[in-house]
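Using the sequences and the hints, build the whole thing.
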Amino acid sequence: MTKIELTVDGAAVSDDVEPRMLLVQYLRETLGKTGTVIGCDTSNCGACTVHLDGTSVKSCNVLAVQANGRTVTTIEGLADTAQGGLHPVQESFRECHGLQCGFCTPGMIMQAVDLLAENPDPSEEEVRLGMEGNLCRCTGYHNIVKSVLHAAGQSAGGARA
Amino acid sequence: MTATQERPGGEVDQDAAEIGKDRRRKEDQRLITGRTRWTDNITLPGMLHLAMVRSPFAHATITSIDVDAARSAPNVVGVFTGRDFGDELGVCINAWPITPEQKTPAHSPMPADRVAFAGEVVAVVVARSAAEARDAAELVDVEYEEQPAVVGIKKALEDSVLAHPDLGTNKSALWVFDSGEAGTGGDVDAAIEEARTNGILIEREYRQQRLIPAFMEPRSVVVDPTGEQITMWSATQIPHILRFALAATTGVPESKIRVVAPDVGGGFGGKLQTTPEEWIAWAVARRLAKPVKYTETRSESLMAAHHGRDQVQTLTLAADRDGRVTGLKVHLDADLGAYIAIVGGGVPVLGAFMFNAIYKFPSYRFECQTVLTNTTFTDAYRGAGRPEATYAVERLMDELAAEVGVDPLEIRERNWITHEEFPFTTVAGLEYDSGNYEAATARAKEVFGYDALRAEQRERRERGDRVQLGIGVSTFTEMCGLAPSRVLGSLDYGAGGWEHASVRMLATGTVEIVTGASAHGQGHETAFSQIVADRLGVPFEDVEVLHGDTQVAHKGLDTYGSRSLVVGGEALVRAVDKVVEKARHLAAHVLEANADDLDYAGGRFTVRGTDQGVAIQELATAAFAAHDYPEDMEPSLDADATFDPVNFNYPHGTHLCAMEVDTETGAVKMRKYTCCDDIGTIINPLIVAGQVHGGLVQGIAQALWEEAVHDESGTLVSGSFVDYLLPTAADTISFDVVHTDQPSICTTNSLGTKGVGEAGTIASTPAVVNAVVDAVRHLGVSDIQMPCTPERVWRAIHAGDGDASTASDAMPHFEAGALNQDPTAGEGAGL
Amino acid sequence: MIPVKFDYLAPSSVEEALAALGEHGDEAKIMAGGQSLLPVLRMRLNAPEVVIDLGGIASLRGIRDESDAIVIGAMTTHHDVRDHALVREHALLLSKAAAEVADAQIRHRGTFGGALAHADPAGDLGAPALALGAQFVIAGPGGSRTVEATDFFVDLFETAIGDDEILVEVRVPKHTGWGAHYEKFVRVAHQWPIVAVAATVRGSIDEARVGLTNMGPTPLRATATEQALAGAPASEDGVRAAADLAAEGTDPPTDLNGAADYRRHLARVLTRRAVLAAAGAS
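Protein chains in written order, with our numbering: chain S, 1 to 161; chain B, 162 to 992; chain C, 993 to 1274.
Simulated from the structure, these hints should not be mistaken for laboratory data. Possibly wrong hints are sitting among the right ones.
[Unchecked claim] The list that follows gives simulated cross-link-like pairs (lysine-lysine, DSBU-like), each with its CA atoms no further than 35 Å apart:
id	chain 1	residue 1	chain 2	residue 2
1	S	Lys3	B	Lys451
2	B	Lys417	B	Lys187
3	B	Lys332	B	Lys606
4	C	Lys997	B	Lys451
5	B	Lys417	B	Lys716
6	B	Lys830	B	Lys417
7	B	Lys315	B	Lys830
8	B	Lys606	B	Lys830
9	C	Lys997	S	Lys3
[Unchecked claim] Short derived list, chain C residues pointing at chain B, Cβ under 10 Å:
id	residue
10	Asp999
11	Leu1001
12	Arg1179
13	Ile1186
14	Leu1258
[Claimed, not checked] Derived DEER-like restraints, expressed as beta-carbon distance ranges:
id	chain 1	residue 1	chain 2	residue 2	range
15	C	Glu1228	B	His580	31 to 37 Å
16	S	Ser14	C	Glu1041	55 to 61 Å
17	S	Gln154	B	Ala787	49 to 55 Å
18	C	Arg1137	S	Thr55	30 to 36 Å
19	C	Asp1060	S	Ser14	47 to 53 Å
20	S	Gln154	C	Asp1060	44 to 50 Å
21	B	Ala450	S	Asp53	44 to 50 Å
22	S	Thr55	C	Ser1004	21 to 27 Å
23	B	Glu299	C	Asp1155	24 to 30 Å
The model shown is predicted, which means the values in this text are computed figures rather than measured ones. Here a beta-carbon is modelled for each residue, glycine too, at the ideal position from N, C-alpha and C.
Pasting the structure below:
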């Protein structure tokens, strides 16, 4: 067991974990942050995407011990949802019907937030390329892409499409 | 981006009628904030975790299983093999034997003696944590004696190697429909002979490659045996059928079983199954009297959850010299895999009625030979039988057009049922109630810019451009809304096709509705709320939709086959109408008026010609208090309804696809995709568009990317997402999804709706392949096997008919990498 | 989905890491960004007893200017390599190739040195590193040594890094002002390249360097093509004959995505396209 201390969704947490424990397993099983999900075992699907020190990572591809001393943000900490608040990207996914079953959605939203942080006014092609690490089986991506462009338009006054 | 029918950012108009309003989904608030209940999220006190030990061999006898080391591993509570359970393990069922003579292999959830596909479970380890269960599973020592495996339809038909030696053959069943014998049409052989001498004969063999549904949420099951009812949570499309099957095969009374499908992350037919893993978890939980959980990995899912498609289609189309079809003869060989799954054998039969599509074929014969192989069992995948049929006929119509030398749309027009001809009884014996192929085609052509793209295609051909343009057409229809129970009975299916709904007015005036359909992404909570809000006149926000729990939704037949809205929605309408009638009676009493003098609108009864009235939500409170109600009524505003459809419904549409083909590399790229679907009344345009988009990409993926490949020994080569290629956002485009101004209303449900869940998938595959072939037809190409990989396209262009299949000696990229990671070598650095 | 148990060491210096490697030898596995290692551990296709994480060694991160070369720390992420001004100015080809590695999330974690040391023949960085004549600085118990790119890639997943050594940085000779293009051929975006070609050219065309991805067990240099390109005009016809030599001496695999002969064909076509793009002529 290895002791880790980190900040998750704004709260300081501390646990003894096995070194082999993946960050996604730590989030789900130890912290009960089940909003982040596991969709594959080869790091292709991106469903487990969270932010580690402010940039997107696949939390199945990070050991919990590697997050020691760092800051993790999950879909549950993106906005003050307990108070009914939504991040603009969350709002856009709802507005544009960017989800159906919703399983890929936390990862999609977390990656979209990262993408827009790096490129606030992306073209449709830039959105499509920027989301290439996230698989969805329901939406055909049409409305996911639209959601991201819509969110960009909301904050930057008009996405290039 | 193109968005013909979309209103991004549009506010919901509160005054508009509920039907047809693009309501934002009720479901989404939870899903976008991570407040979800996937089965794998469930944790119960004392819960134990399962790990499966799976056969690496496609066909082997089990010589011995030594579980001692696993049993003594840390925190292991038990290790079980097939021998440890008797009848309590139950069996996996086939609910649709397609002929009385069908050869059906015995299917144990965990066989004790012999495995028939790679990935079959031979032992289960139970431990206090999932990690410890996995660790101990590695210690289970199974000795196998490998047997020859049969892989692939052609090998199976030879019967030289048997998937199940005890059956004596790999041929499971032969199912035949002949229009001459059925009296629905003429003799197809006569039509073929006539065409051979005086007309056009198109003979083709098409292959429907094996696909994997690949829902994003891996399957998961939790069983809690600690109450009076044993509860199973499962990532399933079919909680009701699952409950029935558990009762029927494990000896537990149905009344003692509760099945819950909580949030379910996609299905596409892939979760229309009763699975070995569910049965094993059930048996272990009962044996240990403790809650257990099993969640598969993606690799397990790809190998052991059922696959789809996998047919070889031998087709003969007869036509006169003008391209008017005179007959179609179809012989299918369909690979069921190692076992006949719940409706596995029936999937190709669902296609039997659709090969004639939207056309007036005078004669038709369909034969389907199902075969068993040592591969993962196959079953429903989005469209189930109908995409295969649609692909075949829409590819053939393009070939016929090429033969006659006319535009593919022209050849279709010469053969399709005109809108004046509905209702129309087809050569397959179905009655199409409504449709308007002319209108859908005209609209699609206009939005697509058909003529301009044809002109560009000509120019590119003339210039000899490196990148050629092709235009693909698919004028599809399908039968959906499964299904009239009597029809299912006539096909020897093991259940009915009705659906159930309950409507309960609560004391405070809100409305609880219960549906037997079980959503897993379709948006029932929103669409059904709109139906109730419209019909009952209560606010959309006051309607709560409950589903997916057999203790809440006590009757139901679940969600598949584009049935929820057209069957379940109609049940809901009927239950609502019953509630209104009850309320009318109570309103008459309260208002001291004659019930016949009451008008009902906007959720309010009014006495005709007066301003006296009462809201139904007030009546709900009155019924709850029950202080004053008529002698001849019960004090409740609840009602149930069960709707059994009298017919399937027949959505249709015209899909147009433009593909660019790089003739130098064989790479293909979608340029434009337009579809005009006629699905009758639309309840929620936003949800409909989403269903179409998602369906399109699954169908496009069959055309271009996806293929489940087993090597000759029966090992799944495409066993992870590294090698089973799902498309990403970067591989797809935005689509034009439009509808006709005057939809063809379905006449067999009061909403007038037709199914939409499978439409995009059924239509798009042939549209894409037709476009790819069209782009290079002038180079001598008339077919490219799916998926149209760059290599296959390149070989078709440059080497005629060279087969690019390289599966037998292929190594998946992922394992190729891993195998070279010598675990004992301390390499300098990893990534 | 759950790796076999291992002990975890997080050294804070190269010396500590080498000491740990010396102590645990064959039982240890070095982890850089972990983006290829962790999937293998999750699938239990490898089971080291000790994982030595280089993530805590600050000196392995970063990119610096060193007269005729830029030096890229082994633990620099793909994301940082892609965007770094020094890389864009002096080794544009690496920036272009780094942009094509996997996806955004993986590029945030995966490292330049880790990818090269992993030596996946389908990896995106080997061919450009080879084309640019990179030098690999490898630290071991007896000190550091420098290995030329031509000697670094030994075989499938095998490099010149010894069992007791660690790749610490990569020196990339400056190709200031050279045009560059990385032409990657995939069926879907998240796939490993079926074939890719890394091309960088000076002028149009005075000099060219061409590397091939996934055309054999190691990254390959298309030397015959390079020689034929010297002095060739940057046009379709000017480049065609040289590009047609690109598959010479290659040994591509046959798998689900293509047979060897098809890959050779792709190598020729993609080389032409990559060179023209690098020369700004497409």
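The hints, checked one at a time:
no.: 1; hint: S:Lys3 - B:Lys451; result: 31 Å, holds
no.: 2; hint: B:Lys417 - B:Lys187; result: 32 Å, holds
no.: 3; hint: B:Lys332 - B:Lys606; result: 45 Å, violated
no.: 4; hint: C:Lys997 - B:Lys451; result: 27 Å, holds
no.: 5; hint: B:Lys417 - B:Lys716; result: 15 Å, holds
no.: 6; hint: B:Lys830 - B:Lys417; result: 54 Å, violated
no.: 7; hint: B:Lys315 - B:Lys830; result: 32 Å, holds
no.: 8; hint: B:Lys606 - B:Lys830; result: 20 Å, holds
no.: 9; hint: C:Lys997 - S:Lys3; result: 16 Å, holds
no.: 10; hint: Asp999; result: 14 Å, violated
no.: 11; hint: Leu1001; result: 13 Å, violated
no.: 12; hint: Arg1179; result: 6 Å, holds
no.: 13; hint: Ile1186; result: 8 Å, holds
no.: 14; hint: Leu1258; result: 6 Å, holds
no.: 15; hint: C:Glu1228 - B:His580: 31 to 37 Å; result: 52 Å, violated
no.: 16; hint: S:Ser14 - C:Glu1041: 55 to 61 Å; result: 27 Å, violated
no.: 17; hint: S:Gln154 - B:Ala787: 49 to 55 Å; result: 51 Å, holds
no.: 18; hint: C:Arg1137 - S:Thr55: 30 to 36 Å; result: 34 Å, holds
no.: 19; hint: C:Asp1060 - S:Ser14: 47 to 53 Å; result: 49 Å, holds
no.: 20; hint: S:Gln154 - C:Asp1060: 44 to 50 Å; result: 49 Å, holds
no.: 21; hint: B:Ala450 - S:Asp53: 44 to 50 Å; result: 46 Å, holds
no.: 22; hint: S:Thr55 - C:Ser1004: 21 to 27 Å; result: 23 Å, holds
no.: 23; hint: B:Glu299 - C:Asp1155: 24 to 30 Å; result: 26 Å, holds
Comparing the model with each numbered hint stated earlier shows that hints 3, 6, 10, 11, 15 and 16 do not hold.
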